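Take the sequences, apply the hints, and build the full model.
These protein sequence lines are chains A, B, C, D and E, in that order.
All the letters of the first sequence, read from the start, carry residue numbers 5 to 367 under the working numbering.
All the letters of the second sequence, read from the start, carry residue numbers 5 to 367 under the working numbering.
All the letters of the third sequence, read from the start, carry residue numbers 5 to 367 under the working numbering.
All the letters of the fourth sequence, read from the start, carry residue numbers 5 to 367 under the working numbering.
All the letters of the fifth sequence, read from the start, carry residue numbers 5 to 367 under the working numbering.
Keep in mind the hints are simulated off the structure, nothing from the lab.
All of these numbers come straight from a predicted model, not from anything done at the bench.
Treat the hints loosely; a few may be bogus.
When chains are identical, the list treats them as one kind, so a pair holds in a single copy or across two.
Stated by the list, open to error - Below, a list of computed lysine-lysine pairs in the DSS-like style, where the Cα atoms sit at most 30 Å apart:
| hint | residue 1 | residue 2 |
| --- | --- | --- |
| 1 | K364 | K94 |
| 2 | K338 | K203 |
| 3 | K59 | K39 |
| 4 | K39 | K94 |
| 5 | K54 | K364 |
| 6 | K59 | K94 |
| 7 | K173 | K94 |
| 8 | K94 | K338 |
| 9 | K239 | K114 |
| 10 | K39 | K114 |
| 11 | K114 | K59 |
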Amino acid sequence: MKLFTQIQTVTSLFRSPPKKIGLPPGSLIHVGEQKVERPILSYIDYSEDKYEVNKDILLAECLPLRESSTVSWINMDGLHDVELLDAFGKAFDLHPLALEDVLNTGHPPKFEEFDDSALIITKMLYFDEEQSRIDAEQISLFLTRNNVLSFQERPGDVFDGVRERLRRKSGRIRQRGADYLVYTLVDSVVDSYFHILEKIGDRIDQLEAELITQPSPELLQQVHQMKGQLIFLRKTIWPMREQVAALLHGESSLFAESTNIFLRDLYDHTIQVLDTVESFRETASGLVDLYMSSVSQKTNEIMQVLTIMASIFIPLTFIAGIYGMNFELMPELKWRYGYPMVWGLMLLCGVGMLWYFKRKKWF
Amino acid sequence: MKLFTQIQTVTSLFRSPPKKIGLPPGSLIHVGEQKVERPILSYIDYSEDKYEVNKDILLAECLPLRESSTVSWINMDGLHDVELLDAFGKAFDLHPLALEDVLNTGHPPKFEEFDDSALIITKMLYFDEEQSRIDAEQISLFLTRNNVLSFQERPGDVFDGVRERLRRKSGRIRQRGADYLVYTLVDSVVDSYFHILEKIGDRIDQLEAELITQPSPELLQQVHQMKGQLIFLRKTIWPMREQVAALLHGESSLFAESTNIFLRDLYDHTIQVLDTVESFRETASGLVDLYMSSVSQKTNEIMQVLTIMASIFIPLTFIAGIYGMNFELMPELKWRYGYPMVWGLMLLCGVGMLWYFKRKKWF
Amino acid sequence: MKLFTQIQTVTSLFRSPPKKIGLPPGSLIHVGEQKVERPILSYIDYSEDKYEVNKDILLAECLPLRESSTVSWINMDGLHDVELLDAFGKAFDLHPLALEDVLNTGHPPKFEEFDDSALIITKMLYFDEEQSRIDAEQISLFLTRNNVLSFQERPGDVFDGVRERLRRKSGRIRQRGADYLVYTLVDSVVDSYFHILEKIGDRIDQLEAELITQPSPELLQQVHQMKGQLIFLRKTIWPMREQVAALLHGESSLFAESTNIFLRDLYDHTIQVLDTVESFRETASGLVDLYMSSVSQKTNEIMQVLTIMASIFIPLTFIAGIYGMNFELMPELKWRYGYPMVWGLMLLCGVGMLWYFKRKKWF
Amino acid sequence: MKLFTQIQTVTSLFRSPPKKIGLPPGSLIHVGEQKVERPILSYIDYSEDKYEVNKDILLAECLPLRESSTVSWINMDGLHDVELLDAFGKAFDLHPLALEDVLNTGHPPKFEEFDDSALIITKMLYFDEEQSRIDAEQISLFLTRNNVLSFQERPGDVFDGVRERLRRKSGRIRQRGADYLVYTLVDSVVDSYFHILEKIGDRIDQLEAELITQPSPELLQQVHQMKGQLIFLRKTIWPMREQVAALLHGESSLFAESTNIFLRDLYDHTIQVLDTVESFRETASGLVDLYMSSVSQKTNEIMQVLTIMASIFIPLTFIAGIYGMNFELMPELKWRYGYPMVWGLMLLCGVGMLWYFKRKKWF
Amino acid sequence: MKLFTQIQTVTSLFRSPPKKIGLPPGSLIHVGEQKVERPILSYIDYSEDKYEVNKDILLAECLPLRESSTVSWINMDGLHDVELLDAFGKAFDLHPLALEDVLNTGHPPKFEEFDDSALIITKMLYFDEEQSRIDAEQISLFLTRNNVLSFQERPGDVFDGVRERLRRKSGRIRQRGADYLVYTLVDSVVDSYFHILEKIGDRIDQLEAELITQPSPELLQQVHQMKGQLIFLRKTIWPMREQVAALLHGESSLFAESTNIFLRDLYDHTIQVLDTVESFRETASGLVDLYMSSVSQKTNEIMQVLTIMASIFIPLTFIAGIYGMNFELMPELKWRYGYPMVWGLMLLCGVGMLWYFKRKKWF
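Spelled out as structure tokens, the structure:
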């Protein structure tokens, strides 16, 4: 059935990648599909006066950044090279359990603090309009005193605006530290959710219009699929709310006091996204009612045609049947105006029925 | 389809205006549609003895008010002139993040305190009865020691009563400070919600009456739309409740102790609005059941007519068919009273069926 | 449509009376309909040894009670005389905002403490069995050190038992103070809710019986209306629970320590009422399912009659049609026993169908 | 209708017995039906070494137990003799409000502490399998330093195991104090709920099997009734959970530290009962869906028979009708093989329709 | 009916094994079915340098492990030998109430601390794909200073990976204490839940595909059963979440500070499982809507065929009936082209109806 190759199964969104059972915790194993040929490392090193970009480098080239006083944002695209990640982790003193979470691409968003670093796992979401499916990409951020390490599943992200601001020195970003960079990155992720909601909103409007004019089970299945996507969005964004709240209320020494007002703003945005998701979910539930009523309406319409046709012609056929009987003694058959009188009777019958149905507003 | 041009899409209420991605926070960009040609500034400056109104003025004319000991209410209608707002913000020391929220007309209601000022964002709602749609206009209030700055999207608001009381010196308002003015303004906004609820209540009653007498999918769609509006109301008013609670419990030095009893009253009103919205939502959900039952009832009615007609005439036609057969040896055909006897049989049949249906209460 | 004049619109229960917009808070304006021609003042003044009743008095006659050491219960029936109320308020030092709440008969129940008085707003509910509608009457109680002031919308209340106990000196009531009187009054109100629930319970049972034997959309509308009443009850009683909890946990100096155990009892009763309301609501929701199933059942029944009639007679009519054809060469027509054989065939056919439907348990 | 005499009305479970209005609190009035002819007093007096049972005694015979150092369990079956209860209460220093709750058999479960005693009200539930109805009996326990006073509505309870253990000196029970006895009694009550759940579980399984094979509105009504019973169970057991939690966390001096571990166990059991009730409720809700689908399925089946019959025979009858026309010039009528050809045509038609319906999987 | 022998009754999952009533708490009685012929004891004794396995041993052989400084994991498969368990409990100083919980295989998961030991009850779940039923096996873990005692209902568990790691000395496990072993065991249990979810996810996808193409009440019953299983999973895993939270936040001296980070990880996994269960439940609820819509669609399809057939042939049959009448004076019968004209009229009629239905998109 073509229908099923086209659309995304609802459950596929919720299933975590297969887990390894009984392995020691902290074992670095990449869970998820490999989305890039080889991992690509790059960094941006900046301070108020300095701005340096380096792409597709070796791990060794990053190491000096660790101790430098400038802020460095090191990004890795592609997670399947476990050894590289292991080396990376050791070079930057990352906890093995944290690295395990980075590799498990089905991990829900979370914020966790370690002694002198913090791990933030969030999800970038993409809406593939053609197939109306949502794709999620996990992005993990480590914040240390002067560095931000980001791990993505594949190249391409929602951070081009941030890179541009870093380059152009626009706004506060070059004057502020690594904590502000982390805030900016998470803010970009949350901002991108508004786009997805915009597109899902369009889809709901379109489904609503179609459900009323052309109800079909395929449409209902699409509503079902969209409800699944909204559940997925809520499931993804809900822990982000808690994450941002944890950032906000945590007395982490990694976040400067002055960043707090921005985190509060970020929190507002997360709430706004969640509220919209909830409103969309309630609207989508209403669509099922609309569908059911459209179908009932169509059934009624079909029934009306059948009833009208049958109710008009069944008595007429009966009258014709009467005078088709072969009794020897049927005086009417011999009347001169018998035939036209029967026609008259039939017309009367038919018009009477039509008038009755008209009064009932059946057509 | 005319239906869709007439009514407000449900999702349109929930969608935030398109957000800029990756821009530095605090960038002043007007998000929303431009609803007025050019922004209009006006102020009311008052103390117990003084009352001065000035409309359509320049920013420079407002500046002396900043330091004056009288209470000043400066209002700006129209938000799209970002430069003017920027100048305004600098003149009155408003935080750039706060101004960004003012410009984002899709921002949910909130209350935020800064060092010596507070920002209150609320929504004025208008119910367009002709198109039965809800329009929201964002109104942002800054409270400083002696001034209230209000920003509206367009001219026209629910504050005419307040202006009248200021002018006429009726009640306490002229004796009290800027905090009382802010309370009065927010109270006027909450009061105006009762009007919307009144109108939605009328609409529910009307829909209920129509659903029972004339069920149609268009009516259900209107119920669906109204449920969307109620979700929107709840989404809008719920943060106002928290906002007022924050005003009430916050130990803001900007609010005098004596204003607290009024805030408590305001809080009561907000709760009352929310309760009514919830009750309306549950009632609207019941309307869907009513609709479904009306449709089922109509289907039953149609079925009954069909069943009665078919059940009465099908056997009669069969009898007529019998005596229309051309067998050479059908003694009945030659009986003298054969024809009237058949008529008698048919009448018996028909009356029997009618009696049966009568007993079944089918008509 | 007669139906609508008979029953109470669901939304009418939730709507607050029209609110005045932009008026200064504390303005005394009566919100609600005038239910009595002129307000009637009366009081009961008592101590352990004294008992004095005075009906239809002037305000001036009440004033001495303010300072007396006996407990006085002053009651006013009828709220529309704003001037009298204003005078009353001034005489007894009542806060204007509190008086405003007394006049707003759509105010939800609340408990509020002032410096040396407390305001309790509750609702007396009456169930008009004939029209099966619920009427609410607001009753406001002011508790001061030695006085209880009660304001009702119209004469007639649920306090006759209390008056009787005061007169007869039965129970503790004459030995205890004004706080115990307030408790007794609120307890009488809560007790009266059990009567309403009893009547609604009867109505649910009756509706359930009717829904199964005679499903009709009117019945469903009555269920809808009853659900609305239960929502209204919950909305009314829920804040009473909080109110009583506030009484109980508040360290109000107006309530003696020894009254606490009675308040705890009152709290239990409120919970019991709320629980029953919730259970009734769930039961009423089940009634909708019952209705839908009754209607489906009826549709099935009609369908079965139609199917049986049509399925039996359509083949028979076909057979009769066959032998009504005018072919010159139809050997059967000339057979001696052709006619009875066809009758036999038809009987066989009919009995076969009947047997088939019997096996299917269709009749 | 016989149906209604057989089954328990849903609301009857939730209704409280009629309340007395306006009576002074603490008035001892028996609320509920009298279930025993005259109250029967009995006691078990025990210590590690002593065991004494006495049945059907006078109040005076109990009085010495009050001061004795042994643990005494005094039980009263039958609550309607208010005077006896009053005397009892005075003899054992029970609070009048507590006694009022004991007499109000519709009181929800609660735990209340007084100065040197505690009141526990719980419900014993019985499942009458024949009528599949739940009967509740209120049991009130007073715990004082060395005594447990229990009040039941009628003889017969779930405590025979406890009495046996007391007699046989099995387990810890004879070494421990009155608090342990109270725990044991409440534990027996909670244990007995598992039996009810077992039976309701059987009933659900049975209903599920019947709903699929033989859907009827009576079955749905039974589901409705069972949902009512589950709501009642939850309503009854939910406060017991809080009650046990209060016992557990309360620092009541009446409960020995060493009893705590048993209370924790009791709490676990209560949670387990509540969880099962919730699961059953969700399952019962699913049964309504199953029913609706069974009914729809049956409608479809009936429709299919009708459609097949009508669709096959209507065209055939039409063909027969054609050749029953009396036109003078109908060449087919004179063909030699006209008649068999028509039969062939009809067969073709019929087989074609059958093949079409077969392909549609309609039979 | 074969259907019922194949599938697992929904309620069977929720029912606790029959409880003994009135027995003293702490009585050791095995509740549940006996799943193994005789209990089998085995142990693994290890330290960083030592590794010793011993299977099918006597209780006496375990006793020396109690005092040894190495970590010992003693496992018992089979719970029905109460005497052995009693001896075991006495040898290792386990609380009788704890042992009672171990024996009650219907006990919900819990974590309980005693003076110098802790009890953890969890559930291993197996998904029998052939019968698509879930089987639960209770596993109880006692943690003492240096020992872990585990009790299973039958041989076979999800711990083979752990045993392998112990043997191979892979990871941290051999360097760490008994608390880490307990964590590892519980982690293995939680990991295994992901497999079950994976399989249920497959089942949902399959059901969804079948529901749309071939709706049948049996499928709906399977959805019903699966919803039951999801309720069961939630009921089982929810207390595990609390259990792990209690482990995490409890300041148990049995758990080393360094194990905390692993517990946090375990907590994340539990949350992830619960979230997925919730998402699956919402998806399963959507399947019921899909089913209902598929059935309505099929009804409509059948109705359309009936309506088309009847509406086309009923008027045609009427026309044929007209000219089958035996009036003496029917001029049309004598017309030369009467017969072909009637055929033309009929074709016109039929084509007109077909065109009408085509326009209505009925086929």
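Status of each hint after checking the structure:
no.: 1; hint: K364 to K94; result: neither (82 Å within a copy, 65 Å between copies)
no.: 2; hint: K338 to K203; result: neither (77 Å within a copy, 71 Å between copies)
no.: 3; hint: K59 to K39; result: within (19 Å within a copy, 46 Å between copies)
no.: 4; hint: K39 to K94; result: within (24 Å within a copy, 49 Å between copies)
no.: 5; hint: K54 to K364; result: neither (82 Å within a copy, 71 Å between copies)
no.: 6; hint: K59 to K94; result: within (22 Å within a copy, 41 Å between copies)
no.: 7; hint: K173 to K94; result: between (32 Å within a copy, 22 Å between copies)
no.: 8; hint: K94 to K338; result: neither (113 Å within a copy, 103 Å between copies)
no.: 9; hint: K239 to K114; result: both (12 Å within a copy, 25 Å between copies)
no.: 10; hint: K39 to K114; result: within (23 Å within a copy, 41 Å between copies)
no.: 11; hint: K114 to K59; result: within (28 Å within a copy, 43 Å between copies)
When each numbered hint is compared with the structure, violations occur for hints 1, 2, 5, 8.
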